[in-house]
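Peer 1: For reference, the chains in residue letters:
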Amino acid sequence: MNKKLFYFIPYTLWLVLFVGAPIILMLLQSFMSIDGQATLANYQIFFGSGTYLRMMFNSVWYAFLITVITLVISFPTALFLNTLRHKDLWLLLIILPTWINLLLKTYAFIGILGHNGSINSFLQFMGFAPQQLLFSNASFLLVAAYIEIPFMILPIFNALAEIDNSLINASYDLGASKWQTLRHVILPLSADGIRAGIQAVFIPSLSLFMITRLIGGNRVITLGTAIEEHFLVTQNWGMGSTIGVVLIIAMIITMFVTRERKKGGNKY
Amino acid sequence: MNINKTRFWPTIYLIVVFILLYAPIFYLIFYSFNAGKYMHDFAGFSLRHYRQLFNDARMMEIVFNTFIVALLSSLIATIIGTLGAIGIYGTKNRVMRNVILSLNNVLMVSPDVIIGASFLIFFTMLGIGLGFGSVLMSHIAFSIPIVVLMVLPKLNEMNYSLLDAAQDLGANSWQVLTRVVLPYITSGIFAGFFMAFTYSLDDFAVTFFVTGNGFSTLSVEIYSRARQGVSLEINALSTLMFLISLILVVGYFMIDSYNSGRKAKKGKLSA
Chain A
1 MNKKLFYFIP YTLWLVLFVG APIILMLLQS FMSIDGQATL ANYQIFFGSG TYLRMMFNSV
61 WYAFLITVIT LVISFPTALF LNTLRHKDLW LLLIILPTWI NLLLKTYAFI GILGHNGSIN
121 SFLQFMGFAP QQLLFSNASF LLVAAYIEIP FMILPIFNAL AEIDNSLINA SYDLGASKWQ
181 TLRHVILPLS ADGIRAGIQA VFIPSLSLFM ITRLIGGNRV ITLGTAIEEH FLVTQNWGMG
241 STIGVVLIIA MIITMFVTRE RKKGGNKY
Chain B
1 MNINKTRFWP TIYLIVVFIL LYAPIFYLIF YSFNAGKYMH DFAGFSLRHY RQLFNDARMM
61 EIVFNTFIVA LLSSLIATII GTLGAIGIYG TKNRVMRNVI LSLNNVLMVS PDVIIGASFL
121 IFFTMLGIGL GFGSVLMSHI AFSIPIVVLM VLPKLNEMNY SLLDAAQDLG ANSWQVLTRV
181 VLPYITSGIF AGFFMAFTYS LDDFAVTFFV TGNGFSTLSV EIYSRARQGV SLEINALSTL
241 MFLISLILVV GYFMIDSYNS GRKAKKGKLS A
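Just so you know, the sequences run in chain order A and B. When we follow full-length UniProt numbering, the leftmost residue of the first sequence carries the number 1, and every step to the right adds one. When we follow full-length UniProt numbering, the leftmost residue of the second sequence carries the number 1, and every step to the right adds one.
Hints may contain errors.
[Claimed, not checked] Not everything, but these chain A residues come out facing chain B in the computed CB check (under 7 Å):
| hint | residue |
| --- | --- |
| 1 | Phe47 |
| 2 | Thr77 |
| 3 | Leu104 |
| 4 | Asn116 |
| 5 | Ile119 |
[Unchecked claim] A partial selection of chain A residues facing chain B, derived with a Cβ cut-off under 7 Å:
| hint | residue |
| --- | --- |
| 6 | Leu25 |
| 7 | Phe128 |
| 8 | Ile221 |
| 9 | Gly224 |
Hint data in this document are derived by calculation from the structure and do not stem from the laboratory. Ideal Cβ placement from N, Cα and C applies to all residues, glycine included.
With the hints as constraints, model all of the structure from the sequences given.
Peer 2: Put into structure tokens, the structure is as follows:
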């Protein structure tokens with residue numbers, strides 16, 4: 001059995017050095033001022049000044065909007081995909097764009113949304129004046145939702161694929177309409193997939209920073225952007241870590257809310 | 001799942017979704033062949049941006065760096081992750097096992113910025129200079145959990161009596177590992193390696209934090225160039241990257257179907 005421990009050494013080292021230590025160091029750093037003194041000031045500033053709180057609510061609000069947009073688009077997609085004959089192949093085609101570098105996909109939108117880009121050409125063709133599309137809140141939402149959609153479709157698709165067809169047929173036999181079947185049979189049975197999708201989209205949406213820089217033009221500030229700014233621009237690691245700790249707490253809350261519910265609970 | 005007898009609107013909806021998903025990618029690829037200089041007003045077909053890309057020594061070096069980091073990090077992560085998965089499999093204490101598994105998943109669910117920022121603190125604290133080494137270590141670190149998650153199900157699916165049988169027949173633990181366990185979990189190891197490779201190629205945020213000034217990977221370079229504006233060299237690059245992704249996906253599924261095909265064949269033989 002000691003041989004088992006031997007396999008474990010590199011992995012355990014990784015757990016300690018790269019999982020445990022960095023998070024603890026970040027927590028400690030969040031209690032340090034810019035010149036290395038232990039202090040609670042970072043948290044006082046975060047929760048005391050309106051700027052940071054407003055930034056946090058803003059970030060949560062945008063992440064919420066991104067999640068809602070992707071969910072509204074993804075649920076029907078997953079539902080319809082499940083009725084197709086070669087559904088695994090089609091699912092693969094949904095996942096394929098996620099294998100393409102994130103930066104390249106974002107970069108594409110700089111071209112599409114730019115002042116002379118396709119959308120503006122189309123608007124001009126239709127007789128409208130060109131709009132400032134890039135560097136707006138709407139373009140940020142569009143690009144973020146575009147990037148996150150496959151991560152929402154995938155878990156919902158899997159949850160829907162697991163539903164027993166006879167349950168749906170039973171629902172029809174008992175006289176339920178399409179809408180009733182969707183509302184009372186399919187939706188509850190795919191709830192875990194929806195929760196997993198929300199989790200997979202909401203948490204990254206809180207921390208996106210390169211989209212806010214490239215597409216949002218610094219107008220949308222998320223928690224992620226603020227962390228990047230404090231660490232790499234203003235070099236105020238203490239404040240950056242404080243925002244990081246807040247982000248981790250937000251992540252834990254999200255995971256708790258969207259956790260998988262036990263099947264066959266005391267609901268009935 | 002068959003709730004829609006009328007196929008018309010669902011089909012239209014799916015077509016629209018697929019067009020939206022792929023339009024930006026093909027838009028990039030389309031303009032990489034533009035004879036003009038911008039991502040609008042197509043001025044005719046030309047390969048000049050590809051020529052420019054291949055003559056760009058800095059970009060070529062960065063492409064090389066990116067692949068070296070991806071290859072090395074995924075190899076090392078695969079080794080550590082596989083050993084870790086075997087270790088977790090051997091942990092019989094349920095509580096301990098669950099604790100390790102939750103810790104394993106911490107880096108999977110953490111936002112990239114948190115991983116990047118906390119690694120930056122960690123490297124600075126240890127006095128490790130930022131550059132190739134720090135990027136490589138970070139990529140190994142965030143790839144290990146995905147390897148574990150790919151390998152562990154294969155181990156769990158393995159019949160424990162196989163190991164007992166091997167030991168009863170006189171195999172030492174090294175032989176049990178190399179002749180019984182590793183062949184059984186090969187497909188999981190390959191899947192883990194592929195996932196780790198693509199994670200590394202794709203990563204931007206973590207690398208951005210720990211890369212320092214001298215060293216750069218593709219994502220970081222694209223970011224800094226994109227901030228300066230559009231250059232069709234990047235479009236040419238994205239066409240090539242798209243092809244590489246396609247090859248990787250096809251390769252991954254060929255290995256996957258080869259393995260499941262082999263398993264089915266074996267099953268037939270033994271039956």
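Peer 1: So which hints don't hold here, by number, going up?
Peer 2: Violated hints: 1, 5, 7 and 8; rest satisfied.
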